[in-house]
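Construct the entire structure; sequences and hints are all you get.
Protein chains in written order, with the working numbering: chain C, 2 to 330; chain E, 1282 to 1532.
To be clear, the hints were calculated from the coordinates, so they are not data collected in a lab. Some hints could be false.
To be verified - Pairs of lysine-lysine residues, derived as BS3-like cross-links and limited to a Cα-Cα distance of at most 30 Å, are as follows:
1. K257(C) <-> K1442(E)
2. K1363(E) <-> K1442(E)
3. K257(C) <-> K308(C)
4. K1442(E) <-> K1298(E)
5. K1529(E) <-> K1442(E)
6. K163(C) <-> K1529(E)
7. K163(C) <-> K248(C)
8. K1529(E) <-> K1363(E)
9. K308(C) <-> K248(C)
10. K257(C) <-> K1363(E)
11. K1298(E) <-> K1363(E)
12. K1327(E) <-> K163(C)
Stated by the list, open to error - Stretch by stretch, here's where chain C covers chain E in the computed footprint (C-beta under 8 Å, at least three residues):
13. 1372–1378
14. 1515–1523
What the hints assert, rightly or not - From the derived model, a few chain C residues whose C-beta atoms are all more than 10 Å from chain E:
15. M22
16. R38
17. G187
18. N204
19. A238
20. R255
21. A267
Just so we're clear, the structure is a prediction, and the values are computed from it rather than from any experiment. Positions of the beta carbon are idealized from the N, C-alpha and C atoms, including for glycine.
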Amino acid sequence: MSGFPSRRQALPALIGAFRHMPAVSFQNVSKTYRSARGELQALRGVSFDIEAGEFFGLLGPNGAGKTTLISILAGLARASGGRVQVLGHDVQTDYAAARRALGVVPQELVFDPFFNVRETLRLQSGYFGIRHNDDWIDELLAGLGLADKADANMRQLSGGMKRRVLVAQALVHKPPVIVLDEPTAGVDVELRQTLWHFISQLNRQQGSTVLLTTHYLEEAEALCGRIAMLQRGQLVALEKTSELLAKASSNVLRFKTDDVLPAQLAAQARVTGRVVQLPAHNAHEVEQWLALAREAGVQADDVEIRKADLEDVFLEVMDRASRGSGVPA
Amino acid sequence: MNGWQALFYKEVLRFWKVGFQTVAAPVITAILYMMIFGHVLEDSEKVYGQVHYTAFLLPGLVMMSVLQNAFANSSSSLIQSKIMGNLVFLLLTPLSHRAWFVAYVGSSVVRGLAVGVGVMLATWWYAQPSLVAPLWIVLFAVLGAALLGSLGVIAGLWAEKFDQMAAFQNFIIMPMTFLSGVFYSIHSLPGFWQQVSHLNPFFYMIDGFRYGFFGVSDVSPWLSLSIVSLALLLVGALALHLLRTGYKIRH
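The following block contains the structure:
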């Protein structure tokens, strides 16, 4: 790779040098948006660190402040209070070094219609002061299944292909910290698999730090070693994924039905089409739920009891945070 | 390649890829102006007592094209990128506000000069003015294009929709250009309007530029140079300030 040290040499060395400090550090970050209609407090004193080499998930419902937090990290927005650092570089006072260390895949599907894929990636390399980057660009194109689209204009690409180019653009300067803001929203299974294979490889083999926000909780459960949850601008959970799952207070009773649930069941159930899921701490509770269903004439098919997954934990945490613990409604 | 060079290259490539719209079209417009106004007013009184009207008109048309296209380059690039959302690719980079300024204004100067040279070549056969002081021509063309490129940066950052940009262009840039002496010498105006014209910085850009062709102008080229340089400093400083603070592009 002419004029640029190979990824295998450069990245581990860089990561080693910064091993003693967090890859990303949020310190008491707050953000208030002011408009003619009043003030909106999007973040309220959020603090946590992401260690180098972590695959970290940031979860929360819409409007929880995930994208605001990432925008502050990326320099797209300024915090109203607090401090954010990337590998020790303050994102405001030392923004150039911080942004060199960051590769951000934005949530919106945006592109520049004037250029083809290769031109887009060469220009993006140039903005980071990198010339002769074609070897790495070819590697990115191959890894993301874009090799045969290198000369296609951005306008000619499908949504999924454009999303791949967004990922390639974020990685073109070989950032040690990769930020993916809902990268798989509305994309097909093939792209998801390609993307996660590629990003996981960077995380495992090159030690890249990954910060992921997603609404697909099964993705977060499968990929992320540690998870933070935000609700209404506050941090409501921050733990290893395995510990979060272990802390789940219940198992889940799952069955299918075409009948209408009685009020007592409906209040506790998570219903997706025909599928009904109810929290069940023990066999007694399972019997109670089934008895209530039977009394109401509900025909329960395919009954099973499963372990709680991240979605159950997420809902439990969000519910707990809404009901108390100082999170304003 | 430094970051600003990449952005400068991208901005030049951007307008070059649509060269029919960004270079050829303004040249054709200027040829039409020259043919119509030149034909209608050819027999009018000589300007400065010695210059044929068509020869007088040519530098004005060239400079008008330089200024309008320099403004259009930076302003349209910024507003398009803002509205399409692809400005985020630049916002995520370590490029400084100075790099943005140099790249956007530099590429505007290149487009302004490209159109200016095109207009001059296309209309030269029609008027054939003299070239008394070519350095003044180059100096005013570059300074004027840089000033309008900077103004384009301000307009591109300020405007949130194409409608606002069109208002900026049609209610500020266009009248100031047309009323700056492109088509006439301000000495042909009544006294009051001569005084008003002296308040228009565009007048000094065109008058100084014209001095390079004929060695004669409505005011001293040194005065024009001072005013244009001062305007560039002020407008450039404002554009740099807006870029540094992320006006309307960073929340």
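Right, here's what the structure says about each hint:
Restraint check for K257(C) and K1442(E): the C-alpha separation of about 51 Å exceeds 30 Å, so the hint is violated. For the hint pairing K1363(E) with K1442(E), the CA-to-CA distance comes to about 9 Å; that is within 30 Å, so the pair holds. Using a Cα cut-off of 30 Å, the hinted pair K257(C) and K308(C) holds, with the two alpha carbons roughly 17 Å apart. Note on K1442(E) and K1298(E): the hinted pairing holds, with a Cα-Cα distance of about 23 Å set against a maximum of 30 Å.
Between the alpha carbons of K1529(E) and K1442(E) the distance comes to roughly 12 Å, so the proposed pair stays at or under 30 Å and holds. For a cut-off of 30 Å, the pair hint linking K163(C) to K1529(E) stands: about 26 Å separates their Cα positions. Only pairs whose Cα atoms come within 30 Å are accepted, and K163(C) paired with K248(C) is rejected, the gap being roughly 39 Å. Between K1529(E) and K1363(E) the alpha-carbon distance is near 9 Å, which keeps this suggested pair within the 30 Å criterion.
Our distance criterion of 30 Å between C-alpha atoms is met by K308(C) and K248(C), whose separation comes to about 11 Å. Simply put, K257(C) and K1363(E) have alpha-carbon atoms about 48 Å apart, too far for the 30 Å limit, and the pair is violated. Between K1298(E) and K1363(E), the direct Cα distance comes to roughly 20 Å. Compliance with the 30 Å bound is thereby established for this hinted pair. At roughly 60 Å between alpha-carbon atoms, K1327(E) and K163(C) are farther apart than 30 Å, so this suggested pair is violated.
Figure legend: the stretch 1372–1378 of chain E, annotated as covered by chain C; annotation consistent (6 residues with Cβ-Cβ distances under 8 Å, at least 3 required). Coverage of the stretch 1515–1523 of chain E by chain C is violated [criterion: at least 3 residues with CB-CB distance below 8 Å; count 0]. Residue placement check: M22(C) keeps its beta carbon more than 10 Å from all beta carbons of chain E (closest about 20 Å). Even its closest Cβ contact with chain E, about 16 Å, leaves R38(C) beyond 10 Å, as expected for a residue assigned away from the interface.
A cut-off of 10 Å between C-beta atoms confirms that G187(C) is not in contact with chain E; the least separation is 16 Å. N204(C), annotated as away from the interface, keeps every beta carbon of chain E farther than 10 Å; the closest lies near 20 Å. The claim that A238(C) lies off the interface holds: its Cβ sits roughly 27 Å from the closest Cβ of chain E, which is beyond the 10 Å cut-off. In this structure R255(C) is separated from chain E by more than 10 Å, as the shortest Cβ-Cβ distance comes to about 41 Å.
Its beta-carbon lying about 41 Å from the closest one in chain E, A267(C) satisfies the requirement of being farther than 10 Å from that chain.
Figure legend: structure checked against the earlier numbered hints; hints not met, in rising order: 1, 7, 10, 12 and 14.
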